[in-house]
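Trainee: Given the coordinates of chain A, work out where chain B should sit on it, guided by the hints.
Protein chains in written order, with our numbering: chain A, 1 to 262; chain B, 1001 to 1283.
The set of hints was computed from the structure by calculation and includes no laboratory data. None of these values were measured; they are calculated from a predicted model. Please note: incorrect hints may appear among the correct ones.
With a straight-line Cα cutoff of 35 Å, these simulated DSBU-like cross-link-like pairs (lysine-lysine) come out [said to hold, decoys possible]: (1) B:LYS1276 to B:LYS1054; (2) B:LYS1054 to A:LYS99; (3) B:LYS1054 to B:LYS1076; (4) B:LYS1054 to A:LYS100; (5) A:LYS155 to B:LYS1076; (6) A:LYS39 to B:LYS1076.
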Amino acid sequence: MTTAYDTAMIQGIPEENVSVPVVAVDNVHKSFGALKVLKGINLSVNRGETLAVLGRSGTGKSVLLRLIIGIETPDLGTICIHGQDIADLAIDQMGRIRKKIGFLFQHAALYDSLTIAENVAFPLEHHRRDMSQSERNDRVKQLLAEVGMEGDFRKLPSEISGGMQKRVGLARALALEPEILLLDEPTAGLDPISSGEIDDLILKLQRERQMASIVVTHDLHSARTIANRLTLLNEGEIVIEGTFDDLQQSNIGFVNEFLKQS
Amino acid sequence: MSNSGATTVSVANPMLPGRQTVPMLSVVSSASGLINGFFEWFGSLGIFSWNVLKAAATPPYEWRELIRQLDEVGSKSLPLVAMAGAAIGVVISLEARYSLSRFGAKSMFPATLVYSVIQVMGPIITGLVVCGRVGAGIGAELASMKVTEQIDAIEACAINPYRLLAATRILACILMLPLLTLGTDACALLTGWFAQTLVEPLSFHQFIQAGFKGATFNSFLPQTFKTGVYGMIIGLIACFQGMRTRGGAEGVGRAATNSVVLGSLFVILADVVLVKFILVVFP
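Chain A extracted, bound-state conformation (with noise of 0.2 Å):
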C-alpha cells in the first residue's frame, strides 16, 4: 500500500516537508440530523500531491472538503491545516486560513449578479486592497487566461457554458494564490473533451503551482490522471487509500466492483 510519506520520497519532496501534512483529517465524524454521513474519515495530503477522493454520490465526499474549508463543523475528530485544528476558530480566525485554501465549487457557485471579471477579481478587491485597479485588471486577465478563457469578460454567468462557468470558478480559486486547493466534482457534467481540458488544465497548475490538492470526484480515468493518490469512501468510511494500481490489485469487494462499473 502507498502512503503519503512514499509518494513525497518518489516526488523528491524535502524529508523535513513531509512530517507535517498540509491538509490532515483525524478521526472525522459528521451527521446530519439522524444521517451518519461520515464515519471515523482519517487522510493527509502534503505539498505538491493530489489525493483523489472517490465514492458513489451520496457518501460524503463534498461534506468532506466542506468540513476542510471550514464551512461545517466536524461532530468529532480534528481537522488540520498547517498543524492547525481549525474546529473551533471564529469566522474572522478562519478566514486568515481560507486565504491560502482555493475552492472550487461543484457547481462553480459564482455570484449570478456579477460579470465574469468581477466574480474573479472578487478576493482581489478584498483581499489586495494594495493592488491598484489597473493591477487587479491585469491579474483577471492573467487568471482567466491560464484556465483557458477566451472572449467577453463582461457577461454574466448565466450567458455561458457550465464547462466555462467551471473555469471562471478555478480561477476565481487561484486569484490569491493558495497553497492548498480543493476541487469538488470539476468535471461533472461536463462532455469527455471538455473533462479531459479541465484534467489537463489542473496537471498544468499542480506542476507550476506545486500546491496540495484534494480532489473528489466519482470519474475514475479523471482521478487517475490527475491524482498521485486515491481514496475510495463508501458510506462514510475509507475502504482503500493509495495508488491506481493498489486499487486494482485490492481483493475488496466493493473496490473490484466501483473499478469495473468506472
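Mentor: Here is chain B on its own, set in the frame of chain A:
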C-alpha cells in the same frame, strides 16, 4: 377511554361524514412541536444577531457595499413611499374634514393632519411599505444566494458573509427608514393640504403655521426616528430568513414571504411598544 388506553377527544368534522376522533397525544405533540419551533426560531435569531453585531463592529468595513445598499433601500424606495404618503394624506384630509365639521372644529384641521401624519400614520405606513419592498427583496436575494452556494463561496473566499451581506443591509435599513419617513410625511402633508384647499382655500404657509403651532422636539422627532428601529427589524428578519434558507425555489419563495409577513408583524408590535416608550421618555 379507547381500547389502547389513550384518552380520545371526539371532534365533529363537517367535511367528513360522521364523527372523527383525534388522539389527545397527537394534539399535545403538535403543540409541543410548535412551541419548540417558536423558541428555536428566536434562539437562532439571537445567535444570528450576535454574529452580525460582532461582524459589523470589527474591521475591515464594507463601505462600498453599504453605499450600494443605501441606494437600493433608500433612493429606490422613495417613489413608493412618496405615493403611499400622498394617498394617506388625501385619505386623512377627507376623513378629518368630515369628522371635525361635525364637532364644529374645522379650525383644528391643520394640526390634526400634521399630528396624525407625523406621529402615527407616516411612520407605520413607511415601515410596512418598505417591509414589503425591501424585506421581500433582501429575503429573496439572500435565499437565492444560499441555495446556489454563493454565500458558501463568499465564506470560502475568506470574506465574512455576516459583515458583507447582513450588516450592510441592516445598517442601510436603519439609516434610510427615518429619511424615507420624512419623505412620506412631506408628501402626505402636501396632498392633504391640496385636498383641503380644493374645498376651502387655505395657503400652504397658513396651513404649516397652524399645523405646527406649539410643536416641540418631542412632538415629532422621536416618532420619526423610531422608524430606525423598524429598519433594524425589517433588515434583520429579512437577512435571517434569507441566509438560513433550504429547499431550492420553494425555499426562496418561503423566505421572501416570511420576510414580509414576520417583518410586518414585528414592525406593528414594535410600534405598540415604542409609542408607549416615547410617551414616557419624551412626554
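Trainee: Take the hints in turn and mark each one as holding or not.
Mentor: Now the hints, each set against the structure:
1. A hinted pair counts as satisfied when its Cα atoms are at most 35 Å apart, and B:LYS1276 with B:LYS1054 qualifies at roughly 30 Å.
2. For the given pair, B:LYS1054 sits about 21 Å from A:LYS99 by alpha-carbon distance, which is consistent with the 35 Å threshold.
3. The straight-line distance between the Cα atoms of B:LYS1054 and B:LYS1076 is roughly 29 Å, inside the 35 Å bound, and the hint therefore holds.
4. Taking the CA atoms of B:LYS1054 and A:LYS100, the gap is near 24 Å; set against the 35 Å cutoff, the hint holds.
5. Proposed proximity of A:LYS155 and B:LYS1076 is supported: the alpha carbons are some 25 Å apart, at most 35 Å.
6. Restraint check: the Cα-Cα separation between A:LYS39 and B:LYS1076 comes to about 51 Å, which exceeds 35 Å; the hinted pair is violated.
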